[in-house]
Every structure is written in C-alpha cells, then in structure tokens.
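Protein chains in written order, with numbering that gives the first Met the number 0: chain G, 0 to 139; chain Z, 0 to 139; chain H, 0 to 139; chain P, 0 to 139.
Bear in mind the hints are in silico, worked out from the structure with no lab data behind them.
Any given hint might turn out to be false.
No farther apart than 25 Å at their CA atoms in a straight line, the calculated lysine to aspartate or glutamate pairs in the DMTMM-like style are these [what the hints assert, rightly or not]: (1) G:16 <-> G:124; (2) H:5 <-> H:31; (3) G:5 <-> H:82; (4) H:16 <-> H:2; (5) Z:5 <-> H:31; (6) Z:16 <-> P:31; (7) G:5 <-> Z:105; (8) Z:5 <-> P:82.
These figures come from a predicted structure and were not determined experimentally.
Number of protein chains: 4
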Amino acid sequence: MTDVAKHLRLTHAGALKMIDAAVAKAGEIGVDMCISVVDDGGNLLAFVRMDGGKLLSIDSSFNKALTGVSGRVPSGGVPGDVEFKLAHATSGKLTNLKAGLPIYVEGIVIGGIGVGSGTGEQDLEVAKAGIAAIGAGYEP
Amino acid sequence: MTDVAKHLRLTHAGALKMIDAAVAKAGEIGVDMCISVVDDGGNLLAFVRMDGGKLLSIDSSFNKALTGVSGRVPSGGVPGDVEFKLAHATSGKLTNLKAGLPIYVEGIVIGGIGVGSGTGEQDLEVAKAGIAAIGAGYEP
Amino acid sequence: MTDVAKHLRLTHAGALKMIDAAVAKAGEIGVDMCISVVDDGGNLLAFVRMDGGKLLSIDSSFNKALTGVSGRVPSGGVPGDVEFKLAHATSGKLTNLKAGLPIYVEGIVIGGIGVGSGTGEQDLEVAKAGIAAIGAGYEP
Amino acid sequence: MTDVAKHLRLTHAGALKMIDAAVAKAGEIGVDMCISVVDDGGNLLAFVRMDGGKLLSIDSSFNKALTGVSGRVPSGGVPGDVEFKLAHATSGKLTNLKAGLPIYVEGIVIGGIGVGSGTGEQDLEVAKAGIAAIGAGYEP
Chain G
0 MTDVAKHLRL THAGALKMID AAVAKAGEIG VDMCISVVDD GGNLLAFVRM DGGKLLSIDS
60 SFNKALTGVS GRVPSGGVPG DVEFKLAHAT SGKLTNLKAG LPIYVEGIVI GGIGVGSGTG
120 EQDLEVAKAG IAAIGAGYEP
Chain Z
0 MTDVAKHLRL THAGALKMID AAVAKAGEIG VDMCISVVDD GGNLLAFVRM DGGKLLSIDS
60 SFNKALTGVS GRVPSGGVPG DVEFKLAHAT SGKLTNLKAG LPIYVEGIVI GGIGVGSGTG
120 EQDLEVAKAG IAAIGAGYEP
Chain H
0 MTDVAKHLRL THAGALKMID AAVAKAGEIG VDMCISVVDD GGNLLAFVRM DGGKLLSIDS
60 SFNKALTGVS GRVPSGGVPG DVEFKLAHAT SGKLTNLKAG LPIYVEGIVI GGIGVGSGTG
120 EQDLEVAKAG IAAIGAGYEP
Chain P
0 MTDVAKHLRL THAGALKMID AAVAKAGEIG VDMCISVVDD GGNLLAFVRM DGGKLLSIDS
60 SFNKALTGVS GRVPSGGVPG DVEFKLAHAT SGKLTNLKAG LPIYVEGIVI GGIGVGSGTG
120 EQDLEVAKAG IAAIGAGYEP
C-alpha cells in the first residue's frame, strides 16, 4: 500500500521530557532559555520560556525548531550566499542561527527542537540535552 | 517506548491519487473545483484548481482540509452558537462549511481533504471520491 | 515611589506545574487538550499539545489565555452584541469561547491559561485544574 | 478591440502534466521536491510536496513560482544590491533563489513554476522538466 507509509510520531510525554531535560541543562549552564519542540509537521508540541528567557526568543526558538525539522539537519549550515534568500523566501522561518535540531528516531525525523536566549553554543548544548532525554539523535 | 508512537503518513503518490479521483468526480458532476490535500500536520501535500474553480476557494478548500484534520470529523457539524467563535479564534482556519474531511486509515487520521467551488453537497461528494481513491475513510 | 510599583510574576516552574496538573486533569476526563500558559504580557510561558489535542486548538488555546489575562475575568462572558466586534478589532485574539482564565495571586493578575480541544466545560475544568495547582485563583 | 486582448491560460490539465513530469524528474535525480505551479495571476494552480520535500519549501517553491511569473525571467538574476530591497518590499515574495521560471507559450507568460528542496541546480532541472512537459519555454 504505497498510498500510506509507516511513520513514527513524538508523543507529548516525550516532548515534555525533552523540555524538562533542556530546562535542567540550561540551569546547569546558568542561562535561562526559550525551548520549542515541534512535531514533524512543524506544529508546536511543547514550549517553555524560562524566567530569564528572552521575549524575542519565543519566536526564534520556534523558527529554529522549524528549520531543524524542515531541513532534517542541524540549523546553521546554510552557505552564506543563500542564507538570507532562504530567510526571506520563508518569511524568516528558515533561520541559519544555531540550535535548531531535527529529532531522529530509527532514521526518521519525528520533530524538531529549537533553543534560544544564550550564545549559539549554549543554545545548542541545551537542544542536544533535550534530544538525548528521549534517546533520540539529531542525525539519521 | 512511550516517547514515540507508531504512526502512518500519507505519501505524495496517495495524495496525487486523491487529487486525480476528485478531479474525475468533479468532471462527472460538471462543476470545476479547488481541491486541497494536507498531511496530519495541516501542511499542504497536493492541490489543484480546476479551470472553473473559484479563486477564493483556494483558501477555503485549504481551510476545510485543515478543519477536517484538526477536528477529526467532517467539517460542518459545529453548533451555531460556537461556530463563529471558533472561526475567529483560529483566524478563519476552522470553518463550518461542508466538505472538509479527515482521512482515516486503520483508525488513524493521516491527513485531510478540502473541496470548494460548488454547493456544499457537490464539494462533499468530490471530497469523498478523493478519500475512496486510496481506500481510506472519513470516520474512525 | 509612584513611578514603579511592586508586582508579582509567574515563574516557569509555576507555569510547568500548571501544565502538568492540566495534563493530569485532561487525562482523568479522557480528552486530550492543548494548554497555553501566558504571562501578564500575553507572551507564551509554557505550552503542551497532548497526543489527541486538536491542531487548531494550538491557536485557540493561546487566544483564550490572552483573553483571560487581558480582560481579567474568565473568557466567555462578553455580551453577544459586542462579541464579534471585539473579535474583529483584535484580529480574533479576544475570544468568547470558554476556558480562558486569568491567574490571580494576591489580587493581582500574573498571567492566563487557555485550554482547548474538548467541550467548553471540559476545557474549563482543565484550565481550573491548572490554576489550582499553584494555589492561585481566577477571580480577584 | 483595444479594451480587451486575446490571452492564453494554463489549464489544470496542463498544470497537472507539469507536476507529473517534475515529480518524475525529481525521482530520476533522487531528490524529493516541493513543486508549485501558478497561473499568470500568481494564484496556485497545482502543487505537490513529495515525501522527502522540505516543509519550508512549500512556501519557497510558491514564492519562486511567483517570482518567475512576475518578472517574466528565471529567478536568481537580480543584482545583489537590490535583491533584498525587493525581497523586503514584497514581503519575501520576490526571491533571488534559483528555480522559479515563467511559463512561456507563443511569447506570452501564462504562469510560473517554482521548485525547492534540493540544490538550486537540482531545483532548476526539475522546474525545466515541468515546463518541457507541455511544450512551453521559460523565455519569450
């Protein structure tokens, strides 16, 4: 039946587990973050803005998550000559900021996580902690 | 592993098969239509506007498909006292027009189809033809 | 010091506690929900879409929370003759659907919670459970 | 009769033929794509997102098609010093990404095709295959 294919989906229990682990990691680092988890359709599954999370990181963390799930690779690797072309053509959704990761389980992308408010490296560390919490990866 | 659940997804081959069958049914009826097929995240998978399809049915067919996949029941059954409240609260995405159907396979909603440009009944007949084309249903 | 006044704010720990309690109540009722918690600036603090939560309730739950925090009373009480005037004038943000509650602590509104995917009564019960979890109220 | 002029328009049969040929070419290349076909009013005529097509290419493929039909030349040739001015002034609709082509028949632009998810060159090859399928061109 080629009209329909087997797939996997991220549950809300899984998404909240990711949020909790990301919050814990942000606490360790000492930088409050905004953390967005989306499903594989780019729709918000879970979110938290920590006390010191930046207001505008609500949006950027979401767009990072979208970018991760859409491109199926960590955000930040788009070549400089097309980076802003893509940002414009997607109303800013496709971002070349770091810390937007696809969530891979059994080789399938089931969602994305995006983190913002710290440096790119801090954000990325928190995003990775979220993914690790459910035993997933950010590569196939 | 409760973080991740088994799921099914509609392929583009399936979506195009739905489009073709819906176009054929619209031809039989003699009313050109706009036909939108979305995945279970409400993202467009396939679309066609037939020659006589109405310009504004591009949007309404999409919102019908969204409504079907979101509510998991055929569109049009929302009670009159909340219909416009829901339309406003969702920026018009939740529509109480007929002919937005969820696509059920093995009891799971894998997408939605929305059809517009005819009467509600004509639109619905075309939407049903799309669903029948892949052996799916619009009820669990 | 009349230029600046003492205030209270909802922490992310508090917001996540509300989310957890709301999820638990939704589980008891047996209807999966979308749950949005916003701060007193109407900005998202925490969110979860449960597995069976409706896609379009992402938006409506957020607008309910906005409506609760803005009006400082539970959503749903706007008279019919102004309901849609207000919806239009706020781009749909002010909704007269039930289950958007202000979060009161010591007589001060510190945020709002909005819940959607069930009936108005089910949504409201879940929103109330969220508020009870932090010992807050939805009235002054 | 100078008030009204003869015109040509792309039929839905033609648009679907373009989609099918583009899908076939994408299959040959081995990269799943999003493919948008618009009429000369920039309104969507036909669309498909292949199984591996990127979520954010739904938007970018549409904007590419718009850019092709608007400028009447292949997208990607705008000089660097005005590229983002144009992107801003059109809310991102005018994109300088490759693979947005006008559809020329008898020297008249009857629509546009936009393709995304691969490299610019891959996208362009797929767009050209779509145009070739109806014996049209992307130049006058």
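Consistency of the hints with the structure:
Proximity of residue 16 of chain G to residue 124 of chain G is assessed by CA-CA distance (about 16 Å); at most 25 Å being required, the pair is judged to hold. For the given pair, residue 5 of chain H sits about 38 Å from residue 31 of chain H by alpha-carbon distance, which is inconsistent with the 25 Å threshold. Distance restraint check for residue 5 of chain G and residue 82 of chain H: the Cα-Cα separation of roughly 45 Å exceeds the 25 Å cut-off, and the hinted pair is therefore not satisfied. Distance restraint check for residue 16 of chain H and residue 2 of chain H: the Cα-Cα separation of roughly 33 Å exceeds the 25 Å cut-off, and the hinted pair is therefore not satisfied.
In summary, the hint linking residue 5 of chain Z to residue 31 of chain H is supported, as the alpha carbons are separated by about 18 Å, within the 25 Å threshold. Taken as a hint, the residue 16 of chain Z and residue 31 of chain P pair is honoured in the structure, with Cα atoms around 17 Å apart against an allowance of 25 Å. Simply put, residue 5 of chain G and residue 105 of chain Z have alpha-carbon atoms about 12 Å apart, close enough for the 25 Å limit, and the pair holds. Between residue 5 of chain Z and residue 82 of chain P, the direct Cα distance comes to roughly 45 Å. Violation of the 25 Å bound is thereby established for this hinted pair.
Hints 2, 3, 4 and 8, counting from the list given before, are not met by this structure.
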